[in-house]
Each structure stands twice: as C-alpha cells, then as structure tokens.
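Enquirer: The primary structure of each chain is shown beneath.
There are 4 protein chains.
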Amino acid sequence: MTQEGNFPHEEHSTKRAISPDLEKILYNKIPLLDHGFIRVVDYMGNDSAIVQAARVSYGQGTKQVSQDKGLINYLMKHRHTTPFEMCEIKVHVKLPIFVARQWIRHRTANVNEHSARYSILDKEFYLPDPAHISAQSKNNKQGREQNILSTQEIKATLDILKSNSEQCYENYEKLLNLDQTGHLLDETKQGIARELARINLTLNYYTQWYWKIDLHNLLHFISLRADPHAQYEIRVYAEALLDVVKLWVPYVYESFMEYRIHAASLSRSQVEALKKMIDPAKFSEQEANLNIRELEELKRFFAKKQE
Amino acid sequence: MTQEGNFPHEEHSTKRAISPDLEKILYNKIPLLDHGFIRVVDYMGNDSAIVQAARVSYGQGTKQVSQDKGLINYLMKHRHTTPFEMCEIKVHVKLPIFVARQWIRHRTANVNEHSARYSILDKEFYLPDPAHISAQSKNNKQGREQNILSTQEIKATLDILKSNSEQCYENYEKLLNLDQTGHLLDETKQGIARELARINLTLNYYTQWYWKIDLHNLLHFISLRADPHAQYEIRVYAEALLDVVKLWVPYVYESFMEYRIHAASLSRSQVEALKKMIDPAKFSEQEANLNIRELEELKRFFAKKQE
Amino acid sequence: MTQEGNFPHEEHSTKRAISPDLEKILYNKIPLLDHGFIRVVDYMGNDSAIVQAARVSYGQGTKQVSQDKGLINYLMKHRHTTPFEMCEIKVHVKLPIFVARQWIRHRTANVNEHSARYSILDKEFYLPDPAHISAQSKNNKQGREQNILSTQEIKATLDILKSNSEQCYENYEKLLNLDQTGHLLDETKQGIARELARINLTLNYYTQWYWKIDLHNLLHFISLRADPHAQYEIRVYAEALLDVVKLWVPYVYESFMEYRIHAASLSRSQVEALKKMIDPAKFSEQEANLNIRELEELKRFFAKKQE
Amino acid sequence: MTQEGNFPHEEHSTKRAISPDLEKILYNKIPLLDHGFIRVVDYMGNDSAIVQAARVSYGQGTKQVSQDKGLINYLMKHRHTTPFEMCEIKVHVKLPIFVARQWIRHRTANVNEHSARYSILDKEFYLPDPAHISAQSKNNKQGREQNILSTQEIKATLDILKSNSEQCYENYEKLLNLDQTGHLLDETKQGIARELARINLTLNYYTQWYWKIDLHNLLHFISLRADPHAQYEIRVYAEALLDVVKLWVPYVYESFMEYRIHAASLSRSQVEALKKMIDPAKFSEQEANLNIRELEELKRFFAKKQE
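So the sequences go chain by chain: A, B, C and D.
Residue 157 is where the first sequence starts when you use the working numbering, and the numbers rise one by one after that.
Residue 157 is where the second sequence starts when you use the working numbering, and the numbers rise one by one after that.
Residue 157 is where the third sequence starts when you use the working numbering, and the numbers rise one by one after that.
Residue 157 is where the fourth sequence starts when you use the working numbering, and the numbers rise one by one after that.
Bound-form chain A, shown alone (with noise of 0.2 Å):
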C-alpha cells in the first residue's frame, strides 16, 4: 500500500492559521503495537481560533496573549464545548481490526477504511508484547490482571497467536487464489471474491483508515480511551493523540488536563460525606493555592449543610 510511506510534501503558502510545533511531525508516522501507527495529514485551527470563536460569541474584542490561557481555562471548566469544534484534525491511522471495532464506536467522525472488498489486506498482525498479556482481572470484569502469567503461559499463548494468524492467511490467500506477487496459486482453480475470502482472517489482522475529527469530540476520545479502563491495546492510540494534542493547541493541552483528565467528579452522597471530614477553618489557608473563583466554588460545594 503506497499510503503507507512518508508523505512527499512541499512547503506552501497560506493565509490560515498555523500550528507551528503540529507542522514539525505533520505527515511522519508515530510508531505504536507492533505494526501500526498514527500520522497527521492535516489539521486546521489553533489555540487562537478557539478563542476567536468563542469572542464571536461574546461580542469582545481581541486580548493580549494571557487572557487566551485564561479563556481556554474558562471555557474547558464550564463546558462550553463549541469553541472547541472549531478545530478539526485528520490522521491516518493504522490499527487491528479489534481495535477498530472499539474506535468505530465514536459516531462523530468522518471515516474512510481501507476496504478488503477492493483490495488484498497485507500479511500483518497484532501479536501482544509479553509484558501486556495478563490474566483476566478477578475484580474487573473487562480487564486484565497484572503480571502473573508465567513465563511458560506467555510463550504458549504467543504461540497459538502467531500460528493461528500464519495459517489463516495462508488460506486466506488459497481462497483468493493468489500469491504475494498476484499470480494464481493455482492454474485449475478461480479463487472466491475478495470480499468473502478476508471472512477467514482474525481480528487481530491490521487495517487502516483515514480519520477526522474536531478537538472537542477527539478530546472525548481521549478522555474514554486513555483511561486506565480502557483496553491497553486503544490506549496506546489515545495517548498518542494526547501528545498530538499537546503539540498542536497546547493551552487546550494543559487546560484539559487540569479539568478532565485529573479532575474528580463526586457524587452527591461523596459531596456530603466529605464535608464532614472537612475543617471549614482551613478555607482560609487555602488561599494561596486556588484561584479566587475555584476557592468560592469549593466553599459553595462543602459548606456545612446543604439541604
């Protein structure tokens, strides 16, 4: 697949916003598992587009550099999510088939997947690097333990992965008839249609597509796939975006690690439990570390008795 190597790309010149730390890495492919990748091919906005967005909206005026940190701040802590879907993003994304499963499930993209009804899929499979097959988690049902499986497990099931991809593709390509190279394996024979020959591969077989997104509904991606739940296998993806995210809109960066990624949401019940475990006194020395309107937030939240 000629998609595959490095983009051959030139220098142009534009009007639009840039992201100047995106354009670095724009085309060069992240290595993640064993075969896949992620690369950008493009992208469009800033940091400042989401606040020129967002003063649409309010009818201000342009402000100094400062003030755009702390509107990306006061859009991200009070979910204003629009300015955020100003941005829009694109990479090609190859992947497993199981993990595309999981990916797909994310409605508000734009996707275009290599297709096994036109073309020939390539001989690449996800085999797990040791350190990441695990027993099933006892306390969560859709885990995996850490480190117990003995060596000895480890080899076989590495073992039974690798044959079981191996001999399937071997079939794969006697149902199509065909070899490496496009010629018939067997001069009496047709072979079946593509789209029904790949039926034999496992989900463990790679694919590829092109995905686009806008920063607010990737953000949301982040946020469900680099979560310690979700499958080691998605994660390793989400957390490549999260360093593309970094690079491209960095004050949306940090602001969504400060209110998302290690924010706490607690229920009502957590809410008022921990006001009893709360020294209202202590407000005061808390000062120094919150801003004004966190710190009022917090009182407003913990003070003694609410209805």
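Derived by calculation from the structure, the hints in this document are not laboratory data.
One should not assume that every hint holds.
In silico DSS-like pairs for lysine-lysine, Cα to Cα no more than 27 Å straight-line [what the hints assert, rightly or not]:
| hint | chain 1 | residue 1 | chain 2 | residue 2 |
| --- | --- | --- | --- | --- |
| 1 | C | K402 | C | K180 |
| 2 | C | K233 | D | K432 |
| 3 | C | K185 | C | K402 |
| 4 | C | K279 | A | K330 |
| 5 | B | K233 | A | K455 |
| 6 | D | K180 | D | K345 |
Chain A is fixed; fit chains B, C and D onto it per the hints.
Expert: Chains B, C and D in isolation, oriented as in the chain A frame:
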C-alpha cells in the same frame, strides 16, 4: 391551530414496554410561561429497557429488580451512556422564538417546527411575569440580578414589550392584508408573502414544534438548561422535562440527581487544595454513609501526596 | 446468552400510537444466514405519526386517510425528511462480525453491542451457503461473479472456512483456559484475559447488538445495503428490514419503493441525451399514466432546449 | 463588533494541502443582502484530499490528474459520500435572524453564534430590495409570486418594516437604559438584563456566527437552500457558498453541477411513462454524447418492459 387541543386518544393493546406513570399524563398539556406548554405525545422504553440493553453488552441474564437500580447507578456514574440512548421521547412544545433559538442548538434531536412560510402565526407573545423582570447582573455577563428594579421600571418594561408586540402584529396583518378571520383588509391590495411578512414580528412571539430525543441527550439538555446559569425562560421548560423524566424512568431520575445534578466536578487544583483540608483519619467515619466503592474512590482522589 | 430466546411478552394497555401488523411479529426472531436473526423489540410511531408531525409544520388540521397517503408521497418525493425522523425502531440483531463492521458505518443510530471483553463468545460462525460462494467479479472491483466456481472449489472453500473457524475457537478456549462449561482446561494455567483471547477469532464469528434508529435513517440504510452492489451477507439483513418497514408503515413502504428503490437518478448529460430521444408529442399520451404534477415535472426536465 | 473588519492576516508556511484560488479570497467579506456577508476564515483539504482519502479505501496508488477528475465524478455519481467529508470549511456569516432560524436546522455543522445575552446587538436590520417584495404565491404555499405588487404597496411595505424595526430598537435601548455610546439614558433607572431586552427586537435584525461544516454536508446544504423553492434570503447565501465551492474544489464543483444541481430524479411511474416515449433505436445515436457507463445505465433504466 388544531394541534393545540388535547389529543383524542384511545386505549390500545401493545406488547411493547410501557411506563405506567408516563401513560397517565400522555397528551396532557403542561402549561409553561404565559402561553407555552409541553405535552408528551409518544415514548419508547422505560427503566427496564435500559437494563436490558446494558445486559446485551454484558451478556448477563436478567436479574431481579433491586439489581436493576444498581446497574442504572453504575451506568450513570461511569458514563456508560449508550444504554440510555435506547429510550426515546417525543414532546409537543409551544415556546417563544427566543427560547427556540437556544433550544435548537442541541443538535442530536429530531424537530418538526411550525412554519410561518406556510401558515399565519397566532397573536400570542410572551410577557414576563413581573417577578422575572430584573436588571443586568453585575458579575455574570449573561445573567439577571435579583429583584432590584423599581415597580415603576417593571411596569414601564411591560408596557414597552406589550405595545411593541401588539403593534408588530397589527402591521403583520397589514403586510399580509388579512384580518384574523382570513378576509382581505384592503380590497385594493394584494398583501405580501407570508415568509416575508413574518420578519416584522418580535422574538417573543410563540412558535411550536414536535421534538424527539433519546434519554441520554435529553438528560444532557436538562443538565445544561435547568442549570441556574441558563436563562429563566428556557429553565422552566427544562425543569418540566425533568419532571417528565421522573415519571417516565424513576430509577434514572434518582441516579441523574445523585451523579449529575447534585454532583461536584473538581479541578486538579481543587483536589490538591482539598487534600490539605482533610483529616485522613476521618475516612473510616464515613463508612456508614458511603458504599464501599464510593469510599475507595474518595480515598483514591484525596489520599495525601499525589505525584 | 439468554437474550436469544423469544422474549416473554405480555399485553399492556397504552394510549400511544400503534402499528397493528408490527405488533404481530414483535419479539419474534426472523432467522437470517446460518445463525443470524433480527427481531424487533420496540418501535415508536406509525404512518399517522409522520402525517401528524408534517401537519405541525404546515399548520393544517387533520385530514382523512386518503390524504395521508398523498402527503407521505409528497414528503418522500420532495425529500422533506424530518417527519420520517419522528418514527423510531429498535431491533435485536445477530450478525457476523464482518457484517457488523459494514453496518456500524451508519452513524446516526444507537447501538449496544455484546462485549467480548465481558463475556465469552459462543461457538457460532458463518459459513456461506454453497450458492453464495463465487469468484471475484471481473468488472466490479468489490463484487462477486455469478456461479462460475466448480463444485470442488466450493467444497474446498467451505472446508477451509470451517476448519479454520473451529481451530481458532479451540485455541480461544485454550487461551482462556476454559471449556464450554466454564471449567479450567488446565489446572496449572491461569488463562489470559477475555479482551485479549478474542483476537484469535475469525471475522465470520457472530456478534449481536441492540440497534435503534429513526425511520428516515433506516430507509437510507436500506437503500444503500439492499442495493445489488452491497455484499450479499448484509443485503439479507437490509431486505429483512425492508419487510419490517412494510408491516410497520405501509404507506411509507409504498412511497419508498416508488421514489427511491425504483427511482432513476439521471445526470445532466443523461437528461440532455434523453431529450433528443423523446418525441414531445408523446407527452400528452402519458396523461393517463401520470398525475398532473409528475407530468409537468417530466416536461420541465425533457422539454427541448435547456439553456 | 471588531470581528467584522477584514482580518489582519499574514502569510505562513505550511506543509498542508492548499487551495490556491480559495487562499486569494480568504478573510474577504462577500457582501450579501443589505448588511450581511460571508467570509471564509479557514479550510482543510482540496480536490486532491478527496482523491487521497478515496484511495485509502480502494488501496490504489496515486494516479495522474486526469484520473482524479474521473474518480471524483465516480464518487459523486454513486453517492460515495465519505471522501467528501474529508474536507472542511469555516465561514464567518452575518445574516438576519429569520434566515439563521432556517440555516441552523442543518445539524451536522459546528456553530458559534454571537450571543445577545452577553452583548448588545447593533442597530442593523434587513429591509428587502423592492424587487424582492412580492405577493404570496397562489400555487406554492411557501413561496412568493413574481412581481405583482404595485409600487405603492411595495413602498408601504418598506415603510412598515423600517418604522417597526427602528421603533423596536429605540425601545430596546430604553429597556437596556443605554445609549449607543454605552451611557445611561436615564440616571434614575437600572435598565433590564440584556437577555430580556433583546426579545423586543424583530426577526429581521442581523446576527452573526462562525459556521464550520464538511464538504459533503455543505453540498447538501447548498442543494436544499440554493433550490428555487428556498426562501430568497437564504438562497443568496447558498449561492455565495456555491461560488466558494467553485474556487475551493473545482472538480467537485463541476461534478456537483452535473450529478446534483442539474440532475433529474424520476419516480418509478415517470420511468415507466418515459419508456413509452422513447424510441430504443435512438440509444445508438447517443453514443457520441455519453460515456459508455452512462449510456448503459440509460438503457438499463429505459429498456422496454420492466417487470
């Protein structure tokens, strides 16, 4: 408009899931503001439908009722939103145009609005109750102050709104060259097209629509629009819809109040500040108030020394 | 999986609109392929609900039944799609994973899929009927040829698919270290996590989901997936859904066949070519076959000399 | 509002794909109606980006330019819409509120609208050009007749619209208790909140927003809103956007004109009628005018006797 009357309804037999308490108010107008209303005209699913969909995902057999409640709490707390999308509701809403303009920003819904290109709008406009006419808030750029206007200024406000609304409607009729009974006002004139005449009306005129939305997106709508920062006039609709949710899916309602409406979302800085205000010895005292999972989570958030 | 059984259903009383013919098959499994099915588990609205929503837009009073049909035809022909969004359906679907991968590309739907991170997949895989095993089409890069494979090649295909599927499942159990009754296969081993073991399965394994969609988007799905260019295995699902539409909203069904399925969309060049092939004198002969609007439209398209 | 000025723009260097003709008009206001405009503020992708995304799907290598055009035609004709979603555009639009109300019904777009809760609206309202003031159409319930109003009636219409608009604004200022320079009108009064005062304005007042949409959905918007049945005032915006498309993605533009704007969609009955009007012998005469695929398709549609 004939749609406004309470709908002639009959009892039918169905094998579908029903919500007994919502059936009782089906088609009934719930009056809001001076001329507005909502009335539920159809719905799909109930608390059990959410549980059933979730159990397709988890592949578990049906459990007893007490567990349904726990599962719904689990889904709500962990933002597993797809099962809530399995319920759907359709409401007929009559609302001022300026409220409709805010409402329509919620894109994940289906809408059929009354068209003033096809039909002539009724002479119905919104006048705020004196208790809700207030000055611009000083510290909230998008809000109202509480009760600081003189009786005279409130009266003057109502006089202006009323006389302008009436005059605009009178001119609307002149532009159409039609009186309320559909007769020509002036035999020597044609009248202009409805789609053009309507532009002379003010934003407090009422429109109406059918609005259909899934439960997940309805809760999102309510959480934004029943918020104290939302404009009063849309808040009354959001609160009425929250009452509908309580009748329709009572377990979801309770869960939504616990994990959304009365929840607190803290930034990383607030978490850090709170850590310094808490005596860790008191965690054990809260065992009676919190279930074990929520207590463990609190400890995880607020245990001393985050990296 | 308990969800597969026909659902225990009772008759309830409701004031909601019902679709009598759809009620008759509610919860019944409609078998598709070798192990798949669809079964309708809930619905909202009927032909009248569409008419009612349209009349909110047009502000007209309720008319008699014969006019309902005309109005639905009008909406379908002129692609006034919002009234069709006022109906909603929920189906439980069991389908091979490679079909699920095509299906999920339709984004405007709600989905709860069985998760192989939580549960162990059943040993059920798709084997095509010999009549549907065909060679790659020569002139359609994504299709199958008709009937050109020898009986031996068909048999060889089935042997490969069957033996690979079975072997992958056997190894899936080894990876989990569990037999079909849930007992350990080997007491000295832990077994690996379900989320990882599943990647050894082939794309013809069955999954299942609850799928909820509005009527407009369902018709769009059907028009794309019941098309002769769609892969046979998804086409059978689309055709079964078309049968459901016929029971649910019979007027919409007729209208859909007339204005979508059997419609012809012509490019500008094709219109120009057709003009030269038509004798304008024959328009009048068609008056008996077409209603006046459709005839006028034909004249407009094919009158000599377009600019 | 500072956003209205032409944006101070600099030339940057980028590795992204560019559209040279669109760059030329970037940030330039294109005036529409009496006070409105659109101006493109950002874009992503060009004709080649669509081709590139399509070729990810089809797995083919890059071909020469002449084939790009053919591929775009193929995608447009067969409604393979996802590659067109790979381009995105952002426009700043100033438009009357009644136009905004129609526009916003297109849900698959991102919007940041100027908020009259935060800011005071300018005194700018739409008055139609005399040439576009017309009577209600007799046979089109949602349209205007051509030129049948007397000069006097047109003048009277403008007088009403103008005087009402001005009076409503004067009262808007009274309600706010602020003059144009931001000073109190009456020292003894507070003025009411902005969010409430605005409801006194008429629907012809201008608002503005940033609007971001992908190319596929933009074309859908244009096909509905540049249609002769659309209201004149939104049509001028749709037509201006079509001109933008022509600059941005010229191949797509040509294809869109051929397969959408000048296409004809025929019902089954119309196809049947047309069959009887065509002399099949004439198909061969059209070989010079149509490419082979389009000719074959015509034969398939119009060959005698369909079942």
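Enquirer: Next, verify each hint and record whether it holds.
Expert: So, going through the hints one by one against the coordinates:
1. K402(C) to K180(C): Satisfied, since the Cα-Cα distance of roughly 13 Å is no more than 27 Å.
2. K233(C) to K432(D): It holds: about 22 Å lies between the C-alpha atoms, which stays within 27 Å.
3. K185(C) to K402(C): Holds - the C-alpha atoms of K402(C) and K185(C) are around 17 Å apart, at most 27 Å.
4. K279(C) to K330(A): This hinted pair holds, its Cα atoms lying about 24 Å apart.
5. K233(B) to K455(A): With a Cα-Cα distance of about 24 Å, the restraint between K233(B) and K455(A) holds, given a limit of 27 Å.
6. K180(D) to K345(D): The given pair, whose Cα atoms are some 51 Å apart, is violated under the 27 Å limit.
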